[in-house]
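Novice: Residue strings, one per chain:
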Amino acid sequence: MPQMGVSVAEGTVVQWRKQRGDWVQADETICEISTDKIDTEVPSPASGRLVEVLVQVGVTVEVGTTLARIATDARPGQPHSSEDERPPAPAAGAPAPARGAAAVAPAAAARPAPAPAPAPAPGPRSPASRRYSPVVQRIADEHGVDLDEVEGSGRDGRVQKKDVLAWVQAHGGAGAAAVAAGEPTLHTESPYRPGAGASLSGPYAPPEGRPLSRMRQSIGEHMKRSLETAATCTTWIEVDVSRVELARRQLGITALPLIARCTIGALVEYPLLNAWLEGETHTVHEQVNLGIAVSLGEDGLIVPVVRGAQDLSPEGLGRRIRDLARRGRARQLSPDDVRGATFTITNPGQFGSMMATPVIAQPQVAILDVEAIIKRPVVVTDAFGEDAIAIRPMVILGLSWDHRAIDGALAARFLASVKKRVESYEA
Amino acid sequence: MTEMTYLRAISDGLRNEMRDDDRVLLMGEDIGVYGGAFKVTDGFIEEFGADRVMDTPLAESGIVGTAVGAAVVGLRPVCEMQFADFVSCGFDQIINVAGKMYYRQGLPVNITIRLPSGGGFSGGPFHSQNPEAWFMHSPGLKVVAPSTAEDAKGMIIASIRDPNPVIYMEHKNLYRHVKGEVPEGSYETPFRARVAREGNDLVVITYGAMVHTALEATADLDGASIMVLDLRSLVPLDEEAILSAVHDCSKVIIVDEANQTCAAGAQVAALVAERAFEDLDGPVVRVASPDVPIPFSPPLEAAVLPSVERVREACRQLLEY
Amino acid sequence: MATSSTDVQIGPNTPAREHPAAHLTTDDRVGLLRAMLFMRAIEERAMNLYRQGKVPGSFYDGFGQEAVSVGATWAMAAADRLCVLHRDLGAHVVRGVQPAAILSQYMGREAGITSGRDGNVHFGDHRTGCVGMVSMLPDMMLVAAGMAMAFKLRGEQRCALTWFGDGSTSRGDFHEAMNWAGVQQLPVIFILENNQFAYSTPIKQQFAVNPVERAAAYGFPGVSVDGNDVEAMFEATRVARERAICGGGPTLIEAATMRMHGHGAHDDMKYVPKALVEEWREKDPVDRQSARVKELGVDVDALRKEVRAAVDAAAKKALAGPMPDPATATDRLFHPRDAEEILLQDGTAPWSGFSLMRPADRPSR
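Protein chains in written order, with our numbering: chain Y, 1 to 427; chain D, 428 to 748; chain G, 749 to 1113.
Just so you know, the hints here were simulated from the structure itself, not pulled from any lab data.
Glycine included, each C-beta is placed from N, C-alpha and C at the ideal position.
Among the clues, some could well be false.
Stated by the list, open to error - Label-pair ranges, simulated between beta-carbon atoms:
| # | chain 1 | residue 1 | chain 2 | residue 2 | range |
| --- | --- | --- | --- | --- | --- |
| 1 | Y | Leu-251 | D | Gly-501 | 40 to 48 Å |
| 2 | G | Arg-1080 | Y | Arg-327 | 16 to 24 Å |
| 3 | Y | Glu-41 | D | Gly-501 | 29 to 37 Å |
| 4 | D | Asp-448 | G | Arg-875 | 23 to 31 Å |
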């Protein structure tokens, strides 16, 4: 089990890409794991035959635990461990990884079972015909087709795409046609039982509960721990973002990087907000590593970090945030991308909510929440002291802060500084 | 909808924009009083005046360079190179002044450069070229090449409205040979590919005059179902459409009328090899003109430009693979 | 119709009636000096930074040629447009580009005019009505002609101006631009910055007939001016501008000057005869204008100090600025369709003559 980040202590195997007996190339993905910080693929450390899988899917082990054994003295083309008296699959010179075994995936049960022990190869074929094109191999893989069984209609008896598709259709039943069209196979284990007829007035039978995903559990633990450790308080301030709205249109970016830029300015002014409190150790940071909360939809959230954010312009921040968000959603973040934040901004405002009580990301001492920008009537005073009503885009910034590290007055001053910068923003 | 020739469709598009937007200005040799070497701007000087339908000196560099100047102070010049082949005389202004201005200085250059391109009528080496690859290779330029009358009009309109320099390849052999239904009034054709014919046994990827060659070559080929993908836009290249077509068909023929080496099709082939490897059921095959100047005498020219027969034979071979 | 004696050499011996200073107030004359001092101070500072390794790539300056750009630009109205070349930093200074932005530009910083996308003097701040040059010379002559063409088509009282060197006149674009401008009688001012050398090539190896003498062959006047006299440069340009905006067509102004440094900081100019350099040092444009302005009772030393301090502060600011974010290297290749149109905007036009004009005489958009 690899260590995905300094603070990670354990991981869970989520999927095995190779089965016992499979050939695996060095650097080829052998399995997928999930940790507190990140889900990732594990590349094989060597080429060889996978002889033993020691940790099954769903099991969590400590970092450093052996997951599987690979025989590096094996040769490709040797009999697969599941093949007994069968002749070895001719390698045809190319050490293509034998991806003949079905990939382990939940829906695999629905697909046609992997080919049973094939009869001796159907007639002699020239070596060239035993080379399969990439798409033929892919389709064969997806359906667990033994290509030895497939009659080829191409030149010299080569198996063409349409040949393997026809084979799947003939042997694979309903799912094959959908696959040929590129659609995912329907799950045949449907819960629908025709004729079962739910009674309209019977007792309520609750659905079966399932454990939360690993990421969800991890987020939950972190949040709970934070609330139990820190003396969390929240202060709000209302801010007029007219200038920021104007600037962001001129620069072609969203409001978030501009507000982030102002926040960084305020952090430089009030460095006590840019700090860590770990037990009794209090560290005030000079560099601002800005964590930006990115939603992963129902799966949860992740907080990638913009390092050295104090050096970036709003456009630079905007780009960095967009890049991290994109990679976050595509699950392409590295462990270093999510470490080391000194202050966090969360911005769930696109749905219209006004205020929130965010939870501080440990071991930071504060977190800033930016909710929706809403146009409201506000009182403005002109140079002569005359009041009037104006329509302004307003946002409520919420700062959750740790009372063990700072006081309400400082929190309020910090927020006032952010407000002042935002309201006087000039591009 | 009206049926009209490819040439008339381009005129229509130009006229449309000239009427709608008085910032649009046409510049070229013999486009005013003479109505253009191919009569694309016939009647324009009468309607719009000599100021807006400008007969320029014989100076391609001058046409492009002054167009850049006019564009950055608010006009929308449409330059014509009388034959695409002459664009090399204005190459520097296109590549270095127009193409790089926005990236370097943040100042967009809204010019359109029309290039009557292509061969097939004994034009010889200096009246038959397809130089689009030179401009695809130069960052900051968009390059489009419509093949139908409808697209010719929609794309010239879109090119004029695009705030960046656009090289518009109008294939002169299609001027009067291709007719089609063209919508009235104003519309834009997006800079994306178009499926000219659906299919799933093999796809022919091409653009310009070769779309028509490909359609003819594959109309009735041993009952095979052959897709023809008309790229229409070379920069930006519609990667999604290309990869989707290859995913469906798995066998690819790429046809260029231009000289083989580093033609637009070479870029498509590289894209397919890199991003659609697992969808391939055969090698990526290219049909293009060999690397020689386009000759003048008919039998020589016919031997060089990709013919219906050559495309058909390449498809047949690949289908059998 | 406008001006007389435009074919005559304008210089220190021109009769008083035509004297350049007739159109310049004391403030103008001081302003001209101040702009030249800024150009020189910025370039000197940048040269130091270059030697300290803070300016990447190559560095070019217009040392000894400050009058050519400052004098000419002083005659340009806010709505006029300029294509500025590499020895014409004074044009940017007069149009309103800040020293800190210029130094940031040289150092390839985010705060530079091109945010690091192009280097040294290859910039044009479109907010001041200036177009950034390309290295292929004299391509910008055609761009300037094109801007003038648009002004003429729209019937606007504005002109375009560009500089180019003696060497660049050997290329085809010189001919195409001169011809086009002459045929269409465009409101464009072409300033031939004849500094005697194109890199290491002296003018006698560059052309058989001085380009200024060939202007008539293209259908418009060619005027020779002492390029090291900032007030003469101003006057010649002012006259050319009047001609242009009154429909009188183009002017080719030859600014005779001398390149006092190498082609770039990497060039020790060994090929230039020392005697020639010394001869031109006597005619240094900054020294000459300082002398004039001193005679009017202005404290030139104080002015120099003020400029120096401003450039020092600008250097400090520029040095503190960040480098551009590498992640942005492939951004902004194409302007998005739905984004706002970006055009050249007006620059600063400090000549007193513009504010003294009656509203009806002011150049219209």
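Novice: Please go over all the hints and tell whether each is borne out by the structure.
Specialist: Right, here's what the structure says about each hint:
1. Between Y:Leu-251 and D:Gly-501, the C-beta spacing of about 23 Å breaks the proposed range 40 to 48 Å.
2. For G:Arg-1080 and Y:Arg-327, the Cβ-Cβ distance of about 21 Å falls inside the hinted range of 16 to 24 Å, so the restraint holds.
3. Distance hint check: the CB atoms of Y:Glu-41 and D:Gly-501 are about 54 Å apart, inconsistent with the given range 29 to 37 Å.
4. Between D:Asp-448 and G:Arg-875 the beta carbon distance is about 25 Å. The supplied range of 23 to 31 Å therefore holds.
In summary, the structure is inconsistent with hints 1, 3 from the numbered list given earlier, while agreeing with the others.
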